[in-house]
Amino acid sequence: MKLTKILLAMLLLALLVLPAILPPAMVNAAIQMLIAALFACAFNLLCGQGGMLSFGHAAYFGVGSFATLHAMSALNGQGLLPTPLLPLIGAMGGFICGLCAGWFATKRAGVYFSMITLALAELLHSLAPHLNTLFGGEAGISSMRAPAWGLDFGDATQVYYLTLGWVVLSIALLYAFTLTPMGRLTFALRENGHRLQFLGYNVHRLRVLVFALSAMFAGIAGGLQALNLESANYVLFDMRFSAEVVLNTYIGGVNVFLGPVLGAALMTFFGNAASDLTQSWLLYQGLLFVLVMMFMPSGLAGLVLCWSAQIRRRGWLAMVPAAFSALLSAGLLSLAVVFLIETLQRVFSQDYQALLMADQAWPAISLFGREWLPGALLTWATPLLLGVAGLLVLKLARRQWLRLLDDEPQVSAAALRPRLEGEQP
Amino acid sequence: MEFLTVSLLNGVIYGLLLFMVSAGLTLIFGMMGVLNFAHASFYMVGAYLAYTLQKFVGFTTAVLLSTVLVGLLGVIVERFFLRRVHKHGHAHELLLTFGLTFIIAELIKLFYGNFSVEYRVPEFLNFAAFQVFSTDYPFYRLLMGGVSLLVFGLIYLLLTRTRVGIVVRAAIHRPQMAEALGHNVPLVFMAVFGIGAALAGLAGALAGAFYTTNPNMALELGVIVFVVVVVGGLGSMAGAMIASLLIGLISSFAVGVDLSLASLLGLVGAGDWAQQMGGLMTLKVSSVAATIPFALMLLILLIRPSGLMGEKG
Amino acid sequence: MHTKTTLRLLTLGTTLFAGIACADPLKVALVETLSGPSAATGQMFRAATRFQIERLNAEGGWNGEPIQLLEFDSQGTPAGASEKLKAAIGSGAQMIVQGASSVAAGQITEDVRKYNLRNKGKEVVFLNVGGEALELTGSKCHFYHFRFNGNAPIRVKTLVAAMKEAGTLGSNVYSMNQNYSWGLDMEKSITENATAGGYQLVGKSLHDTQKVQDFSPYIARIQASGAQTVLTGNWGNDLLLLMKASRAAGLKLRFGTAFLDQPGNLANAGDVALGHYVSHPFNIEAAGEQGEKFASEYQAKTGHLPAYIEPQTVFALQLVGNVLKKLPAEDGRLNTRSFALALEKASDRNPLGDVRMRAEDHQLLMPFVVSVVSKEARYKVDGTDMGFVPIKSFSADEAAAPVQDACRMQRPE
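Quick mapping for you: the protein sequence lines, in order, are chains A, B and C.
If you count by my numbering, then the first sequence holds residues 1 to 425, one letter each, in order.
If you count by my numbering, then the second sequence holds residues 1001 to 1313, one letter each, in order.
If you count by my numbering, then the third sequence holds residues 2001 to 2413, one letter each, in order.
Bound conformation, chain A alone (with noise of 0.2 Å):
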């Protein structure tokens, strides 16, 4: 437990100077990972807490980020809610929308709420073009953030610093819903609702609260999307953003509080720098999710627990050989699937194919700095052995992994001994 709480210490300390000594470019990326974690974390409510698994949460989020935005445009900064509390509007855009939306759709459970929630952020995707009024057509809304306490906002590091509050604080918020009885309430209706039915609880009233309040944390962080982007369009409400924040949820791990956040903070990044290093990340992600979800199943911060828990027996020393070869087979395997996948893409570009002539040899692609040629063995032998070097590291890494655990430290016959009532352990 202390661990953790000076590993959160430090990591808010880390984000506090994150500006200092990034470049602006990186200062950016940084508010989107946050808004994407906090978008997250307010999603788990739901699904990890709450065990509703929601597949249009990205509606509230939109609905969070048009609110503030028209409330940017009306209130223009002055009044009662100057630019650093517009988020509260995105909250109770949010919320009024969870409590509707969550009314009819916790009648049902199962995946039939999962598809409820599904069609209402679909439907809501098609009619929001059609809304000029509301939500701008397809060019959207636009809107300027004003100044407001001594700040002009103009720069990205107010904003960053806006947004990191915001996020720190919802956080917050949302880990002490866990400790209060509501949030243990919200436990118990993931383990058995029929049960605390019989307790004699409403169900239905504890879920459509457990949906709101999850949307109104969702319409903050849409919220500060608005403040960050001064924009928004009705593409928000698109499937591919509610997938994004389950799958994020998902790959950080449901079980853990801050699972999702890590994820979320994850993933926001590798889209950012993968998508400008390679066209075919998408498939890289696709590839990312799936060996997660079959390897991974509690996530990365499962696997962090994981970890953790064993150095707690063993000690740091003692993990040292698994890590280092299960670090080494994750590069190795990476790198010959990433080979593999770069050649392929080049070779079957529109580009190289239109320089193919007849009987004559395929020209050269260049990769990582070297030109390689598609006719020869070596081209498709690097990441065959990359491939099977990491294949063999990974059972090594596997075997390390197993002994470990199975190494349990000798338990004392002294502890076998049945003990006698009022006997000390």
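These are computed hints drawn from the structure, not numbers from a lab.
Hints are not guaranteed to be accurate.
Said to hold, decoys possible - DEER-style ranges, computed between Cβ atoms: (1) C:P2412 / A:C100: 20 to 26 Å; (2) B:F1080 / A:S366: 32 to 38 Å; (3) C:K2301 / B:Y1156: 54 to 60 Å.
Claimed, not checked - Computed cross-link-like contacts, EDC-like style, restricted to lysine to aspartate or glutamate with a CA-CA straight-line distance of at most 16 Å: (4) C:K2375 / C:E2285; (5) C:K2301 / C:E2054; (6) C:K2252 / B:E1118; (7) C:K2301 / A:D351; (8) C:K2325 / C:D2348; (9) C:K2326 / C:E2065; (10) C:K2114 / A:D155; (11) C:K2122 / A:D155; (12) C:K2122 / C:E2330; (13) C:K2325 / C:E2059; (14) C:K2211 / A:D238; (15) C:K2114 / A:D238; (16) C:K2120 / A:D351; (17) C:K2375 / C:E2360; (18) B:K1284 / C:E2054; (19) C:K2252 / C:D2271; (20) C:K2140 / C:E2360; (21) C:K2293 / C:D2208; (22) C:K2120 / A:D152.
Quick caveat: nothing in here was measured; it's all calculated off a predicted structure.
For glycine and all other residues, C-beta sits at the position ideal for the given N, C-alpha and C.
Go by the hints and put chains B and C onto chain A.
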């Protein structure tokens, strides 16, 4: 009258096409509880495989071969991917299929490029069957509808009149019991998944020639198929048929309806006010024709969540 | 991939060590849809941009240094475009090039305007090489945005004039368009051109964009209306499926389109496409010797003939290059205000004819060509036996559409 007839025909055929794709999905869902997001991707793979094979073996063989290949793909997906994730819960299976959708779409873009490919109806099938009020009605459409009906008939007979069918239906309703009685339920799952995928592949191979074959096919069809499955009832073939036809007809007819809420209100004298309000009021049914299935899905989910023909609970 | 990585590392390094370098090379950023469903078009914009920037660098670059092209993937969403725009500006880009999506263009133009308001003296210029939404030179016009492509009124005006002259317009025209701003722009223009074209608009439809699979109900409506010609701004699947459905129904309709020349359309449509019209900014056959020279140069570099939106991008950057050549550096950097002032009065000659920038709304006045799909074309498209035969060329002035009232440009001073 003309509009009615043509829309009726088109709606029915489009509905039958939807049925071919959603039949597999509803079986898979009914049996395994897995909402397979990748199902529409099987549709796309079927079209692309048929396009590739057509250059070597001719149209009919290409279609049949691609059906089989997509079925095999489905079997592989079930055996090596889904089965692993089954024990972690429905959400994980769902997300796995979602990731697979991405992978399949991107692989297709990698090998075939981003634009649509030249997959067309072969000449020997490209003629008019008959004339409907002076417009030609293409034979190929009838072929698609006919194949769909044939498939429905075969599967219905298979499920209700054969031993295998009984085992499959038992596995859908009570998988543990069926397994306890000694049937190889995992094999049944695999087979049903494979056949469902094969059906989607067949639909893709046929429809891809008539409509367009491009990497966004899966996205275009994907959500509508879910609507069909939900409206029809998760697990019911008859429900899927009725829902497909319903949605096909609605999509067809809605296109010709230029009414809006404002025109309806005009009947009671509030037309001008509604016109001034704008927004939802002046939205014409024809311009949101593709949105109506979602409204239908919402309605069904709220009123009768098990769908039109599904079982309660 | 390697070049891009080096460029990004270079720019990162350059940003970190900004102050030490004296002469900054000019950085142009391409913020484009390079992945996702509309990636195909975005990649074409990239190919054309790379081609012309390389040509400009072969002619000496700017201020003695090669122009650096930074590429950013906006992933096709306005949020992605906004994000990457910020990254581009953060990397030191002074010009932004974008074309694949009108929605992204709308987002970028607004973001650029706001950035310029907040950062006087460090303005960036938005070179819009593909966004055809009217509002970009209308209600959203501003001093640092320049449009180098057509828009709905131009497309319709030229189509109607050419088809009328060819005698294939007929007297009954149907307007079929997508239900969003582009389609609405097209529908409005088609209605307004009725008297000039001498036709009667017998019906109009708006349908959901990229969602309709089965166009036969719409074909039934067209037939019921008695139209002989359909004017449409549809693109991608919507256009293809519309044409295929009309052929399947056996209707002898004539289509006048704006985007029939998108790669893949002719291959997919096959003979269905024969005899239909498209209004586009370039056709190699219509551009004479210069056009052929340009086409062969382009093919040598990229492996395919310039098509669809590639020529307009190349000519746009060519015009920009001409303006840059006459502009000296100030303190080692480009003064974007002087650049914009010079660009808005610039004129040039592309293989089709004269072009000049209109200062009132920063819309480029450019020649347009209307072509028909035929097997007689000299340049075959998509590996089929068909191509686009030009039937009428319009000079920049003939094709131009008037300045919109909604454009109230605030000029710097």
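Each hint, compared with the structure:
1. C:P2412 / A:C100: 20 to 26 Å: violated, 48 Å
2. B:F1080 / A:S366: 32 to 38 Å: With a Cβ separation near 35 Å, B:F1080 and A:S366 satisfy 32 to 38 Å, so the hint holds.
3. C:K2301 / B:Y1156: 54 to 60 Å: Taking Cβ atoms as reference, C:K2301 and B:Y1156 lie about 59 Å apart, which means the hint holds.
4. C:K2375 / C:E2285: Status holds; Cα separation ~14 Å.
5. C:K2301 / C:E2054: OK: C:K2301 and C:E2054 at ~10 Å, within 16 Å.
6. C:K2252 / B:E1118: violated, 23 Å
7. C:K2301 / A:D351: Answer holds: C:K2301 to A:D351 is near 10 Å, not above 16 Å.
8. C:K2325 / C:D2348: holds, 13 Å
9. C:K2326 / C:E2065: With a Cα-Cα distance of about 15 Å, the restraint between C:K2326 and C:E2065 holds, given a limit of 16 Å.
10. C:K2114 / A:D155: Distance of about 11 Å is within 16 Å: holds.
11. C:K2122 / A:D155: holds, 14 Å
12. C:K2122 / C:E2330: holds, 12 Å
13. C:K2325 / C:E2059: holds, 10 Å
14. C:K2211 / A:D238: Holds, at roughly 13 Å.
15. C:K2114 / A:D238: violated, 26 Å
16. C:K2120 / A:D351: violated, 42 Å
17. C:K2375 / C:E2360: With Cα atoms ~42 Å apart, C:K2375 and C:E2360 exceed 16 Å; violated.
18. B:K1284 / C:E2054: The hint is violated at about 50 Å.
19. C:K2252 / C:D2271: holds, 13 Å
20. C:K2140 / C:E2360: holds, 13 Å
21. C:K2293 / C:D2208: Answer violated: C:K2293 to C:D2208 is near 41 Å, above 16 Å.
22. C:K2120 / A:D152: holds, 15 Å
The structure does not agree with the numbered hints 1, 6, 15, 16, 17, 18 and 21 stated previously, though it agrees with the rest.
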